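Given the sequences, and given the hints that come with them, work out the whole structure.
Number of protein chains: 2
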Amino acid sequence: MRQILLFFSILFSSFVSPMSATAADPKTDSTSQWAIVLHGGAGAPPADATAKQLQVRRDGLSAALTAGRNVLATGGSSLDAVEATIRVLEDNSLFNAGHGAVFNSAGEHELDASIMDGRTLAGGGVAGVRTVRNPITLARRVMTETPHVLLSGPGAETFATEQNVDRVPNDAFSTEQRRAEWEKVKAKETAENARRDQPARPWQIGTVGCVALDAAGNIAAGTSTGGRTNKKYGRVGDSPIIGAGTYADNATCGISASGVGEQFIRHAAAAQISLLMQHREWSLQQAADYVLKERLRPGDGGIIGLDRSGKVVWVFTTPGMYRGAADSSGRFDIRIGNE
Amino acid sequence: MRQILLFFSILFSSFVSPMSATAADPKTDSTSQWAIVLHGGAGAPPADATAKQLQVRRDGLSAALTAGRNVLATGGSSLDAVEATIRVLEDNSLFNAGHGAVFNSAGEHELDASIMDGRTLAGGGVAGVRTVRNPITLARRVMTETPHVLLSGPGAETFATEQNVDRVPNDAFSTEQRRAEWEKVKAKETAENARRDQPARPWQIGTVGCVALDAAGNIAAGTSTGGRTNKKYGRVGDSPIIGAGTYADNATCGISASGVGEQFIRHAAAAQISLLMQHREWSLQQAADYVLKERLRPGDGGIIGLDRSGKVVWVFTTPGMYRGAADSSGRFDIRIGNE
Chain A
123 MRQILLFFSI LFSSFVSPMS ATAADPKTDS TSQWAIVLHG GAGAPPADAT AKQLQVRRDG
183 LSAALTAGRN VLATGGSSLD AVEATIRVLE DNSLFNAGHG AVFNSAGEHE LDASIMDGRT
243 LAGGGVAGVR TVRNPITLAR RVMTETPHVL LSGPGAETFA TEQNVDRVPN DAFSTEQRRA
303 EWEKVKAKET AENARRDQPA RPWQIGTVGC VALDAAGNIA AGTSTGGRTN KKYGRVGDSP
363 IIGAGTYADN ATCGISASGV GEQFIRHAAA AQISLLMQHR EWSLQQAADY VLKERLRPGD
423 GGIIGLDRSG KVVWVFTTPG MYRGAADSSG RFDIRIGNE
Chain B
123 MRQILLFFSI LFSSFVSPMS ATAADPKTDS TSQWAIVLHG GAGAPPADAT AKQLQVRRDG
183 LSAALTAGRN VLATGGSSLD AVEATIRVLE DNSLFNAGHG AVFNSAGEHE LDASIMDGRT
243 LAGGGVAGVR TVRNPITLAR RVMTETPHVL LSGPGAETFA TEQNVDRVPN DAFSTEQRRA
303 EWEKVKAKET AENARRDQPA RPWQIGTVGC VALDAAGNIA AGTSTGGRTN KKYGRVGDSP
363 IIGAGTYADN ATCGISASGV GEQFIRHAAA AQISLLMQHR EWSLQQAADY VLKERLRPGD
423 GGIIGLDRSG KVVWVFTTPG MYRGAADSSG RFDIRIGNE
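Heads up: the protein sequence lines correspond to chains A and B, in order. Note that the first sequence covers residues 123 to 461 in the numbering used here. Note that the second sequence covers residues 123 to 461 in the numbering used here.
Derived by calculation from the structure, the hints in this document are not laboratory data. Among the clues, some could well be false.
Just so you know, same-sequence chains aren't split out, so a pair can sit in one copy or run between any two.
[Stated by the list, open to error] Pairs of lysine to aspartate or glutamate residues, derived as DMTMM-like cross-links and limited to a Cα-Cα distance of at most 20 Å, are as follows:
(1) Lys308 with Glu267
(2) Lys433 with Glu303
(3) Lys310 with Glu230
These figures come from a predicted structure and were not determined experimentally.
Structure, rendered in C-alpha cells:
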C-alpha cells in the first residue's frame, strides 16, 4: 500500500499542488498543515569541494525531501514520510547510511537506525546490522512487530530474516570514497596509536535523519547511520537510541541528531529538548539552542526538528549541516552551509 | 589499589565507625557525608517464598551494601563503591546479573551493564556480553579507556580481551533456578504463540544497581542485568543505556532503574528525573514520583537514587523492590516489600 501510494504521489507530485492533494484524502481538509525536515549530517563540505559536488548533494537531499513531501501531501502519515525519506537517503551513496556507509575497523559496515512515533511514544531501533538494505525499515518493524525498542547485531539480523526485509551482501554498502576515507583514518590512528587521545572530531559526515508532522497532527522522527569511520568493538552511537539521537512526542516536537554520538547519549539530547519544551515551556528553538550550545560542546553536531505547529528548526555548532525542509505552504528549501 | 583498599576496609568495617574511618583519609574530614543505595530488582518475591528464602536475599543485599559502604567509609570514590557493590551482586546467583543471569531464547546468557560518573557526565555501557564475569567492570573500562559510551556483542568481547578482565565460559552464569524459569516461560510463550500479545510483565526479577555519593561530593550510578528471560534478537533493554536505566549528575542526583526496560528507554527515564530536578527545581522524590507514576505505567518498575545531599529515594510501582541503603550517619537498611 505504501509503495502504491508513493508511486502515485511521485507520479503526480510535479503538477498537483500540496493543497489539492491533501484535499483528496478523507483524513485531511483544506486547513491541514504538514511539514517535513531532513538532514544528511552535521558538518561542512571539504574546503576544496567543487560546485558540482555540492550540487549532487543538494540533489540527493532534494530527492529525499520530495519523497517525504509527497507522502504528506497526499495525506500519508508522518511515519510513512520519515521512512520514505530516509530510505532514499540510505540508498544514496553520498550519505553515511545504507549504501555509502563508512567502513568499520574490520573494513566492513555496521548500520544503526531508529524511528519514533510521537503519537504513542513507541520507538524502534537496530544497532550493528550488516545485511539490511534499509535499516530504517527494520527499525520500524522493531517498533511495530516486537515489544522491544532496540535489537542489536546477529539477533537483529535474525529478526530481519523473519520480517523478510530487503537484504544485500555487506559489501554492497561499500563505495570507493568511503574506503579511501577509511584508509586515511586508519593510517592516522595507527600513527597516533592513541585510543584515548583520538579526538571525537572530525567525524565522518553523513548520518541522515528526518522529522515529519502529518495533516493529522502526528509527529514522527527517524535517524540512520553507518556510525564512525574505523569504529571498533561494536561501538553503538546515538542514532539507534530513542532519547539520544531520535525523539518524537506529539505534545512537543520531533528531533533527529547528527554529530558526536557519545555526547548526545550522555545528555539524552533528543529527549532533553522535548522535556525542556514540556517543563519549561520553551520554544523548540530555545530548547534546541540550550542543549546544543549550553550542554554540548562546540562542534559536537546538530539537530533538525519541528514542533507541533510544524515550525522547523535546525541548530548546529558545526560549520554547516546538510539539510532541507518542505511544508504545506509550498516551502521547499535545501541548505548546506551556515546560511 | 582498589583491592587493597577493599581488603583493608572489610577487615576493619565491623569495629571501626564510619566517621573514624573517613577521618583517617586525607580526602575527607569529620563533616564528610557519604551515602549509598542499591537494588536487586523491582518486583515482589513469590507468594510462597519461605522466610529462609527471603533471608538469603536480604543477606545478599547486605553483603553487597557492606562492600560499597566500606569503600565510602574509608574515603573511596563513589565509582569504586558502585563497582564494588555491583560486582558482589553479579557474583551472587540470586540476582539476574552475572552468575544467576536469566537464559535467553537460545538457552544462553547475554549481559548488559552501564556506569556513569556524575562529576564529568562520562558514562560507559556494554550490551550482550557473554563471557565477562563482571560486566559492570567492563562498562567502567568503556567509560575510562575508550572515547565511546556503548559497546555491544562480539566487539565488546574483543574489548574485554584487550582489557584483560575476568572471563568465564557462558554456562558459568547458569543456575538451575534460572533454567527452570526459562523452561516455564518458553512453554508459555510457545503455547501463546504470540510475540505481540506477550505482556511486558511479569519480567524476571533481579536486575541490580547501585548509586553512591562519596565524601568528596561525587555521585556515581551503575546497573547490571541479564535482561529478560527468553529474550530474542539481541534485545537491548535500558540497563546498558546511559539516560535510560542509569544516570548520574553531581548537580542533581544519581539513578539506577529496574523494570520494563523498553518503557525506561522511551521516556529516557533516568535522565528525565535528573532534568526535572534541574529545570523544575523539584526534589528527587518529586521528580522520581512524577516519572514512575505519571509518565510510566503502573507496574513498569522502580528506581533507586540519591541526591547531592545524600538523601536516598526509592520509588516503585511494583509490589516490592529488593533494596538497601547505608550512609555516614550509621544507617544500614535492607528492604524487600512495600514497607
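Each hint, compared with the structure:
1. Lys308 with Glu267: between (39 Å within a copy, 19 Å between copies)
2. Lys433 with Glu303: For Lys433 and Glu303, the Cα distance exceeds 20 Å both inside one copy (36 Å) and across copies (51 Å).
3. Lys310 with Glu230: within (18 Å within a copy, 39 Å between copies)
Of the numbered hints listed earlier, the single one contradicted by the structure is hint 2.
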